[in-house]
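**Student:** In case you want the letters, here they are:
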Amino acid sequence: MKKFLALFAVCLIAGTACTKKSGDSSQAVSSNEIVFGEYGSMTGAESTFGVATHKGVMMAVEEANKAGGVKGKQVRVISYDDQGKADEAVTAVTKLITQDKVHLVLGEVASSRSIAAGAVAQQYKIPMVSPSSTNPKVTQLGEFIFRVCFIDPFQGAVMAKFSINHLKLKKAAIFRDIRSDYSVGLANFFAEEYKKLGGEIVADVSYSSGDMDFKSQLTSIKGKKPDVLLVPGYYTEVGLIARQAKELGLKAILLGGDGWDSEKLTEIAGDSILGSYFSNHYSHEDKSPVVQNFVTQYKAKYGEVPNGLAAMGYDAALVALDAVKRATDTTPAAIRDALASTTNFQGVTGVITINKDRDAVKPAVVLKVVADKTFQYVTTVNP
Amino acid sequence: MRASSALKQLLVAIVVTAAIWGLGWVLEDNINAYIVRVIVNCGIAIILALSLNLVNGCAGQFSLGHAGFMGVGAYISAILTTVYGGPFFQSPLGVGLAILSGGLCAAAAGYLVGLPSLRLKGDYLAIVTLGFGEIIRIVFLNIDAVGGPRGLPGIPRFSSFFWVYLCAAITLVVLKRLSESSYGRAILSVREDEVAAEAMGINVAHYKVVAFVISSFFAGVAGALFAHYQGFIDPQSFNFNRSVDVVIMVVIGGMGSLTGAVLGGIIVTLMPELLRVFEQYRMVIFPLILIVVMLVRPMGIMGYRELWHFDWFKKIFNRKKRVAAEA
Amino acid sequence: MQEFLQNLVNGLAQGSVYALVALGYTMVYGVLQFINFAHSDIFMLGAFAGVYLAMWLGTSLPAPVAAVVVTLGAMLFCTAIALLTERIAYRPLRKAPRLNVLITAIGVSLLLQNLGQVVFGSDPRVFPPLIPTYSLFGTEGIVINNIQVLVITVAGLLMAALHFIVHHTKMGIAMRAVSYDIQVASLMGIPSDRIIMFTFIIGSALAGSASILYGLSYPKIEPLLGVMIGLKAFVAAVFGGIGNIMGAAIGGIIIGLAESFVVFYVSSSYRDAIAFAILILVLLFKPAGLFGTLRREKV
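Residue numbers (my numbering), protein chains in the order written: chain A, 1 to 383; chain B, 1 to 327; chain C, 1 to 299.
Only true hints are included.
Simulated pairs of lysine-lysine, BS3-like, Cα-Cα distance not exceeding 27 Å:
hint	chain 1	residue 1	chain 2	residue 2
1	C	Lys95	B	Lys121
2	A	Lys301	A	Lys287
3	A	Lys373	A	Lys299
4	A	Lys168	A	Lys195
5	A	Lys225	A	Lys168
6	B	Lys121	C	Lys286
Simulated from the structure, these hints should not be mistaken for laboratory data.
I would like the entire structure built from these sequences, with the hints used as guidance.
**Tutor:** This is the structure in structure tokens:
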């Protein structure tokens with residue numbers, strides 16, 4: 001038995017070593033295809049975000065290939081998992097750039113990993129497009145780093161403005177995810193803007209993504225009697241938070257950001273989240289053919305409705321493909337210039353223009369949760 | 001006689017240092033950056049595994065919080081070279097000093113952890129070290145000045161193949177010397193039988209703490225090197241999974257064996273890279289291989305032995321001694 | 001005052017889940033002297049089994065019956081997986097050094113987690129509301145809902161049942177004997193392999209029931225849900241005195257309460273550190289845990 005296991009282990013290891021070698025030599029980029037690299041957290045605690053983004057990216061690329069590719073060449077995507085770790089992200093991107101010789105890198109969702117890996121992309125002067133990293137520092141890394149989403153300062157201000165101007169509610173509590181840089185950033189900018197507009201933050205407590213019980217924090221928030229409760233986290237926790245808030249009898253209106261965007265939100269939260277608002281890149285209700293097409297195709301291909309991250313992944317890939325199309329040739333520098341000059345690009349998540357800081361200038365929409373899986377459009381906030 | 005052996009040692013040290021430097025120079029120019037990166041990561045893993053080997057392998061104390069010390073070293077050194085340092089710490093000497101400080105602070109943390117560990121046995125000790133590791137991580141997660149969950153970017157990328165492997169070589173030499181000294185023997189005796197050791201007059205408590213402190217120092221150095229290689233750190237890099245990785249390195253290599261720790265460090269770093277072929281199944285296959293290795297060879301690759309215990313090694317390197325003895 | 005009571009109830013409910021899981025850790029440790037890291041992932045698998053079973057049953061059975069069936073199903077599934085891992089991964093290592101079994105357990109845990117992500121997908125699932133939630137008495141200040149009461153009651157009953165089994169049945173005596181000294185026990189004619197299997201069965205059945213209670217309280221199920229709960233339950237088992245059943249149960253409750261109160265009255269950002277801090281404090285004063293006995297080593 002032992003010998004068998006030993007032999008099995010040796011074969012497994014030898015097999016992987018062998019396959020790697022043969023894979024290596026053919027990875028050199030041939031001149032008749034475009035290669036995109038993608039890195040994301042396909043395993044680990046944040047795998048649901050990485051996988052969703054990946055699905056969006058793959059769908060965009062496959063559609064492009066079916067339509068004949070870009071500049072007459074087919075596009076190939078090499079995806080590496082970073083397990084949600086910053087050092088793995090750096091390794092993955094280093095491999096993509098130095099060994100797989102990709103033309104462009106797509107990734108990541110978490111700003112911390114984008115910052116870590118972006119430094120490598122900038123160093124080797126390969127353009128990188130982040131689908132969902134919202135920390136301002138990401139694009140500050142250098143002229144080769146882009147993003148197709150809005151940044152925290154903007155989104156944070158959106159909900160603050162909405163709360164004061166639209167809902168006319170001036171007492172807010174914040175419930176942030178201490179483990180997520182997205183959540184912390186959004187919370188900070190919301191608080192800044194809210195106070196500037198004359199609002200009052202009555203409570204500021206935190207949870208960790210992965211937690212399942214929020215009752216003690218919610219109890220302390222309830223005691224401060226806020227009008228609104230900002231929960232700038234991901235739908236994975238927000239659903240439970242909403243539920244428990246309702247169970248405790250907390251009366252505040254819940255507000256959130258684009259991390260809420262998923263049909264799982266209402267599934268997990270049930271009734272408790274009805275009447276809440278969140279800012280997003282786009283609305284499923286948007287009747288424009290681009291959006292409806294995307295939703296239908298995605299449902300057909302993957303059997304589920306796309307969430308916000310999948311939509312951003314799709315758009316990141318689309319913007320990248322469009323840049324390659326417009327670029328004078330397929331050198332990284334040319335692609336970079338094409339990316340920088342992206343103007344009024346009709347993506348699924350809105351009309352994208354890349355500004356001089358290489359951030360996407362696009363309006364945010366505020367949506368209201370009205371029924372199961374139904375988010376109703378309320379208003380648009382322009383940058 | 002003594003002077004000449006000291007001179008000989010100095011000569012060996014210089015040759016080895018030059019060799020590492022030369023190797024680094026060749027590698028960085030000719031091999032692609034990804035492979036160099038994997039190799040450097042192996043180097044950092046080697047230092048981690050060697051340091052944990054002292055506690056888990058030699059002293060027989062089961063520590064599950066090693067990542068915490070790595071984190072202390074990383075953050076302290078990074079704070080010095082970014083947030084609070086000033087221009088001195090940007091220079092190579094300054095960075096070196098920062099790395100040293102990281103190691104020393106980690107050693108202090110090791111002292112704090114080692115103290116309560118005296119009274120605890122086996123699995124209790126494991127969970128307490130796990131607890132300390134997690135507490136350290138959570139503390140860093142909550143300090144906004146070092147970025148909290150957003151991490152600390154902009155660390156000068158000072159580490160390179162040369163520095164990492166130089167430190168690895170130093171670690172190996174120090175720990176080898178330690179294990180062959182009376183201090184080391186005392187530490188080993190703690191693992192073998194605490195009661196007997198105490199009866200022989202060995203202050204078991206003292207040696208346990210010493211093992212912890214030395215081990216944490218090197219873990220801190222490894223963490224600092226890691227920080228200055230990545231250019232970016234966040235608390236997630238120093239979580240329980242990282243501690244588990246290091247424990248796996250030590251166990252796979254063979255507990256108590258220095259060469260085992262080196263091998264373990266290399267294997268555990270290389271394996272996920274080699275397994276990239278399998279994409280999402282990679283993290284299913286990795287633990288599977290681990291389980292199989294445990295079932296098939298529970299004592300690890302080297303068992304308790306070292307490379308220099310093997311007959312063939314002795315034949316190659318001790319020919320001079322034998323010739324001299326025969327003459 | 002009201003908030004104090006609110007936190008009390010919240011803490012008790014959460015602590016009950018921790019306690020049930022902690023019991024599994026402590027029982028396996030008692031007989032095998034090793035920490036089964038994979039226990040929390042078996043808990044996770046139970047929750048998934050519950051989800052699928054509940055979906056399969058649909059509305060064919062009235063709610064309370066469906067809940068019981070799902071719970072039993074989950075318990076069965078957990079037991080099966082536990083026995084499988086015991087047979088394949090742990091039994092061959094009975095004679096090996098403790099650290100190796102531990103690494104194997106970690107390996108099994110990682111395997112189950114990642115396999116779960118591959119098989120179930122990493123997007124969270126929703127646990128069907130087998131028992132509709134409603135508040136029992138909701139006033140302005142304190143709100144208790146029926147699920148919380150259910151959790152506390154069921155956990156209490158199960159722990160009482162366990163206590164009965166361990167202290168008033170032959171199996172229980174055998175288990176205790178094996179946990180004292182496995183070699184002597186087998187010399188006395190106790191089939192130690194079977195007792196160990198039985199221990200695993202009970203431990204994982206408890207985890208299975210805990211998983212359904214968890215699913216009813218927190219309907220979001222995903223492959224990594226066992227990680228934090230497992231860690232805290234494990235801490236509970238240790239500081240209650242590992243191997244000690246009452247210690248594990250009380251430990252779990254204490255951690256649940258402590259988290260609830262400290263998060264409310266002190267700070268929420270250090271929540272995860274609380275369990276460990278308590279552990280370290282307790283172990284400083286009582287090195288064998290609250291109820292553990294320091295085994296004097298005879299030389």
